[in-house]
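Peer 1: Let's have the full structure, built from the sequences with the hints guiding it.
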Amino acid sequence: MTQSFLQIKGLTKNFGGLRAVNDVTFSMERNQVLGLIGPNGAGKTTLLRLITGILKPDAGHVCFMGKEIVGRKTWDIVNMGIACTFQNMRPFRRLPIIANVMVSCLSPRAMKRGEWVKRLEAKAMDALEFAGISDMAREKASTLSQGDLKRLEVARAVATEPELLLLDEPFGGLSPAETDLMAKSIRRLHKGGRFGRLHSEGPAMIIVEHKLQWLMKIVDRIIVLNFGNMIADGTPDEIVKDPRVIEAYLGKGDT
Amino acid sequence: MLLEVANLSVWYDKAMLINQLSMGVDTGELVCLVGPNGAGKSTLLRAITGLVAWEKEITRRSTHGDIALEGIVSFDGERIDQVAAHEIVKRGLILCPERRRPFREMTVLDNLMAGSYLLKDKDQIRDNLGKVYQLFPVLQDRPNQISGTLSGGEQQMLAIGRALMSKPKLLCIDEPSTGLAPLLRTEVFQKIRGIHELGITVLLIEQEVSTVFKMSSRNYVLSSGKIIAEGTGEQLLQNEILRKTYLGL
Amino acid sequence: MALILFYLRKLFSVIKNEVLVLPSRVVVVLFFLFLLLVPLFTKDTYLLRIFTLTSIFAILAASWDLLSGFTGQMNFGHALFFGVGAYSAALLNKYGGIPPWGTVPLGGLGAVLAGLIIGIPCLRLRGTYLALTTLAFPIILMGLVFAFPNITGGELGISGIARLAGSRVADYYIAVVVMLGLCTIMWKITDSKTGIIFHAIREDELAVRTSGINTTRYKLLAFSLSGFFAGISGGIYAHFMRIAGPSTLEVSMSFQVVIWAIFGGIVTIYGPVGAVFVLFPLMEFLRFWQEYRILMFAAVVLLILLYMPDGLFRWLRDKIEKECPRCKIRNIATRDTCRICTASLD
Amino acid sequence: GQDTIKIGVIGPMKFVQGIGHWNGATMAAEEINAKGGIQVGPRKMKVELVQADSNEFLSITDATTAMERLIARDKVHFVVGGFRTEAVLAMQDIAMENKKIFIGVGAAHDELCLRVAKDYKTYKYWFRGSPFNSSFLGRTSFIHLGTVGAILRHSLNIPKVKVAIAAEKAEWTEPMIKAAETAIPGMGMEAVGVWRPSAVATDVTAELSAIQRSEAHIIFTIFSASVGIPFARQAGELKIPAVQVGINVEAQKDGFWGATRGMGNYVATMNTYARGVESNELTKAFVDTYVKRFGETPTYTADTYSAIVHGLATTIEQAGTLDPDKLVPIHETRVYKSPSGTVAYLKDAEGRHLHELRWGPGFLTALGVQWQDGELKAFWPNKWKATPEAPEVTYKGMVPYKIPPWMVEKFKK
Amino acid sequence: MIGIYLELACLPAGRGFGDWNLRYNMALLIIDIVISGLISGSVFALLAIGFSLIFGVARIVNIAHTAFYMVAAYCIYVVTHKMGFHPIWAMVIAIILVTLLGIICYKLFINPIREHEGAVLIATIALAMAFQEVMGLIFTGTYLSVPKLINGYHVILGVKVFYQQILTFCVALLIMGVLWVLLTKTKLGLAIRSTAQDREVANLMGINEARVAMMTMGVSVGLAALTGAVVVPLTVLEPHMWMHPLIMMMAVVVLGGLGSLKGSFLGAYILGFAEALVVFLAPMGAFLKGSVALSIMILVLLIRPEGLFGVYFEEER
Ligand SMILES: Nc1ncnc2c1ncn2[C@@H]1O[C@H](COP(=O)(O)OP(=O)(O)OP(=O)(O)O)[C@@H](O)[C@H]1O
Ligand SMILES: Nc1ncnc2c1ncn2[C@@H]1O[C@H](COP(=O)(O)OP(=O)(O)OP(=O)(O)O)[C@@H](O)[C@H]1O
Ligand SMILES: [Mg+2]
Ligand SMILES: [Mg+2]
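Chains as they are written, first to last, in the numbering used here: chain A, 1 to 255; chain B, 256 to 504; chain C, 505 to 850; chain D, 851 to 1263; chain E, 1264 to 1580.
Don't read these hints as lab results, they were simulated from the structure.
Just so you know, these numbers come straight off a predicted model, no measurement behind them.
Misleading hints may appear alongside valid ones.
Ranges between beta-carbon positions, derived for each pair [what the hints assert, rightly or not]: (1) W1352(E) / K894(D): 40 to 48 Å; (2) S472(B) / M65(A): 52 to 60 Å; (3) R1202(D) / F545(C): 24 to 32 Å; (4) N521(C) / L1363(E): 57 to 65 Å.
Pulled a few chain E residues facing chain D out of the computed Cβ check, cut under 10 Å [what the hints assert, rightly or not]: (5) L1292; (6) I1401; (7) G1404; (8) M1547; (9) P1568.
Within a straight-line C-alpha distance of at most 25 Å, the following computed DSS-like cross-link-like pairs (lysine-lysine) qualify [stated by the list, open to error]: (10) K832(C) / K311(B); (11) K1448(E) / K386(B); (12) K971(D) / K950(D); (13) K446(B) / K481(B); (14) K424(B) / K1450(E); (15) K1450(E) / K1089(D); (16) K1012(D) / K1252(D); (17) K598(C) / K968(D); (18) K1450(E) / K377(B); (19) K949(D) / K598(C); (20) K269(B) / K547(C); (21) K949(D) / K547(C); (22) K345(B) / K1450(E); (23) K826(C) / K311(B); (24) K140(A) / K697(C); (25) K826(C) / K140(A); (26) K269(B) / K823(C); (27) K140(A) / K598(C); (28) K311(B) / K598(C).
Using N, Cα and C, we set each Cβ at its ideal position, and we do this for glycine too.
Peer 2: Set out below in structure tokens:
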């Protein structure tokens, strides 16, 4: 059977009179890293929320590894292997950073997959190490700076050991040096392998990002949204040349 | 100097976030603060605008997290380190905070009006509103949307717009470009430059080093609560170590 | 013999390495010992009664903390669990003839049921909405109690049920041992993996869901656990007082629990327990000034909170212990360096 | 070694009920001590009162610890007081465990005395001091209802008098409502409905509108809690064309007039004492002294006085000991006069002791009182015959019942 | 209202609608219910608006709100009874004194611990208890009453309604109107609403959030006092009277949606009608009116967890 890894069909979401996501259809494969770009308010975050089940679509289907996931509970979807981050970071503020990640490690999916790993804490630590904030593991999450919070978000998502990782602006607020590191880590994660006790089969990814210069380095394919509609779908090189994308999103001069 | 910071130190429960820091911004400058994540840039701005002191006051009786603040901050020739945050704002030192923070359950228009809270002149408010709308047409399209439901970038626009609604002498903006699409980002930078050219002094935190260095008159590089370098964009870019370790270029 | 020696040695080392290093642990151990030894020194039934009731309410306050403090499901209607526990125990005893050791746990199960019944509709509510909604449940139940006086005894309640045990001292031991046991269990729960999830749900429920945790299940678990412990305390209360009446469902009861818990410091378990052991006897102590009793009580609560808004026992603990800034291990306040990582503490 | 008799007075001391308990007891102790004390065998022992605030309206737990404290700490010999039934049940258990005689002054529920019959050995130390139980209360108030009904029928020419029942939601009112629903037709009147506001309702205009719509002439009230005040006040203000009789405990108090701002005029209720009314030769002295001492008419919780002076003191003197086991058999068989009438204790149908007060002509009967322009006047028993053969009872100081003028205006055309 | 229609529908046809008398009675019944509902709704509305205001701004669940209302009532009692002034003066004095008291309590006990929600909550409970005790010590627990501002009643469509009740209704409308203007049309209103959302950022707009919170507390407590002045003449005065309206007040506020004045207003009338319906249609169960109203609140919240007019969104962006 040639079932795609993730298949989205006619996904639509309205907010009052506003159509945030309009009839979006695409599919992606297990080995892809997909970039999702578009102007502000194009519906990127909404699309990710629809996939993770936080929002319910008004119409359309999402099939993940052959199973319909629209209508399932968020935690079911996560346990099927889709993890996501929040654009506006939502850490557990009064918990130590390590506990933030341990929550993800406690999800049925991570528990099952890491059966041979006895120590949750060690696993959580590895996720933090991956995101580069392991030195602050015992601090309260409320003490983190904006950029570090972003990394915590990523660590939390990675700790569920997903098949598909949805990253919403993973580089937002990171300084250039750190963005570099983060981009490299993400790339490495996609390649698969082991990070300490954290096991990664190299998840497929959908990355929403406005920092194209780094995004281009890690994605194989880009989808462009505008006013909820998909206006382009192609390799990075094709996208930057697409006049509609340039007009709606890139503007002249910027890459 | 319009803003002068001398030997400022900030402790959050034994952790020293700002370490004996001194800096200054002259009238008419556009100064940029750069540095790695967690360097203390946002904390510095919060300390200058009185938010750290405010936080210290309201958490005074908690069991943990003593906040301590030392040093001198003066603005427009007067010391402001003992002045309450809202009074500082009245003197014309405006901060557009990190992480956008709109008044979530209020409409877009109300948010903008809150930004012009201190302005008395109705015409001027209308005028400013027009300018903000011109910069961010999205906001004009939906003045009545509850701001918590805006998209991330839209909220960022709202936060910048809100700061622009007032009449600052010194405008501090904390990472205005996060979450903005490239097209808009360029526009925002242009607008900031425009504001600066109107004679408003600007203090900017930004990660987008390559863009800001082109417009800033002076830059500070912050790391671990200390200023480790200072100079124009060109000067800084010449320093190889700085380029590699702090600016990531 | 060797085995005994081994365990003794192990106990000794636990005491030396785990207990004696931290003053708070020493205090807790002394507290356990004190409670267990009280009847050896006094047979004053009044004193024993106070301590018995205090223990019963300590369970209640701790169970509130489990639900509202840890899981963040603010419950202003905790009297519901207490009342359901008391009423079910009383009904089972009176009409089913089951002795207290059976009715009390069954009462706890009754309260679990109540926890599920209110927990399920409350799943979607949060924060203040939840708090103010839960406030309504005991009042509605009270309406039912009044509406079916044949079963519930109306405002008289169900009286004349079996005594908890034969004597005051036995009552005392039952209440104290159950209290110590249950509070230890609650503390263990909050210290476990489940506890982390409870904490996280309090902080941000949606983020927990996106971490792949079935929050519905955990919230219901919190409601049931808390209900169970509160129900047990209700059952013991009913058998100790020999009456289960509508006063167990009153708003003031719900408020009282909140006062105890917050006064002691929420999200600690030991805080609410300690607070009950301070405030309940205080109320009795103030009898010598009968007229001003409640006024004094209010004043004490107000003043203490004014200076220790995080709760009395958190404040105290903070005074006698310091957290190492590096490894976050707690140390006695007199130490200069961390006992584990030897970082400077000042 | 002790030479005083310690009597614990337990009640909600911040409320009128508890204040009544304490006042009555204080008067009793002063009177006894002025005479030198109680003769216990060879010794004369003074009475010492110990006050305990049971706080029972707010917390039953408090009530029980107060009782325990009285017994364990203060080592009292006897306890009088108690009001809220739920609390009294719990306190009763403690007193009985410790074999202390507990004379309940305030709670009317039958269950308290039924326990004595069911388990005499344990509960024999409990006695009812005041008021008599709710079925007698009911019976008395039906007589009042009948009396007022007859007056209305004759003076206003109403052929079929309609009665609305307004009873607070409480256990003790249930049997009374049931009884009233059968008794009212029996008295040739018509019951038009039952309204049951909450015992602490503060606004009953809705209920009153509904009652007015039912065209009732009489509102048979069964109130013991605060709802009695707003009910009477709002009915008076709205000039609801129906008279109120029955039980309204709040209307028994002197403060009622002020609390209703005079709108409680013409409200009638059952009562134990009224100024200028004498059930027997003891009444006047008690009421007058009480009024002089405390500035208000005694209500039934002040019967702690008779419980101590006429009840306990005499029994102790007769027994010559403080041993409760010796006192109980003497006390339960005594028949003695008290300011509110003659006290005797009942047995149940099987002849078991109930320690319940006896009601009826020649014993306790209570009064029917009505507010008439700021004063509480008694209109019953006035030439009352319980049965055709029974002796006619009239207490000293009776006045005629008054019908509110707006009713006269409405019906007398 | 559904209840009435059910009742109408259930009537046997022959007896029900043919009978003029019965139909007339039905009409009266509905009028009765409407008027009673409006009146008790107004009382709830007055209480709830003040409570909602301080919650909306400062996130303070002010349990002592009704205690302030009680203090105002005692104040009026003293001024009219002990000093013999006209009730109007009493009202003015009470509002001023209680507002001051509220501000002082806020400054002393609440402001210093504002960050600690739990502590604030029980501080307000303790305050309420303290007021209750102080009033109990001064005035004892006896029931007292205060005079009405306007005496007498008026017959509206066959139902007797106190002028005072009509006044309650009018005051509720007036307060609603004034507050609405205050909140939406004035700078203070803007400041109040901003502070409610984010205290820290409010500072950055130049809003003195501490003073705004204090002023809101003043307004809120002043409203409680005004409520006391118009509502308490209808009922009795005693130190524990604050407990009873508390529950209904909170129910109204959550039903309407926290912080929404419109919601509180509407919620008050919904619960008022619910109570009236119970009293008229199930007189034997009149004591259940509180329970029924609370059940309605819970039902509504199950469908709309944010109340009728609350703002609610699952996700922050
Ligand atoms: N609950 C809501 N009610 C009304 N409109 C909404 C709601 N949620 C989102 N929107 C609107 O839907 C549009 C899409 O939002 P979305 O967050 O998906 O944008 P985005 O592509 O992520 O933008 P950005 O890059 O700025 O984050 C926005 O215009 C937003 O204002
Ligand atoms: N309450 C706190 N207690 C202890 N440390 C804190 C606290 N708040 C912030 N910090 C620490 O202070 C440092 C500076 O934080 P700040 O937010 O100022 O960084 P920043 O330079 O703005 O970083 P970013 O670019 O990521 O926004 C961080 O390392 C952070 O961990
Ligand atoms: Mg987005
Ligand atoms: Mg920052």
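Peer 1: Going through the numbered hints above, which ones does this structure break? Give me the numbers in ascending order.
Peer 2: 1, 3, 6, 9, 13, 15, 20, 27, 28
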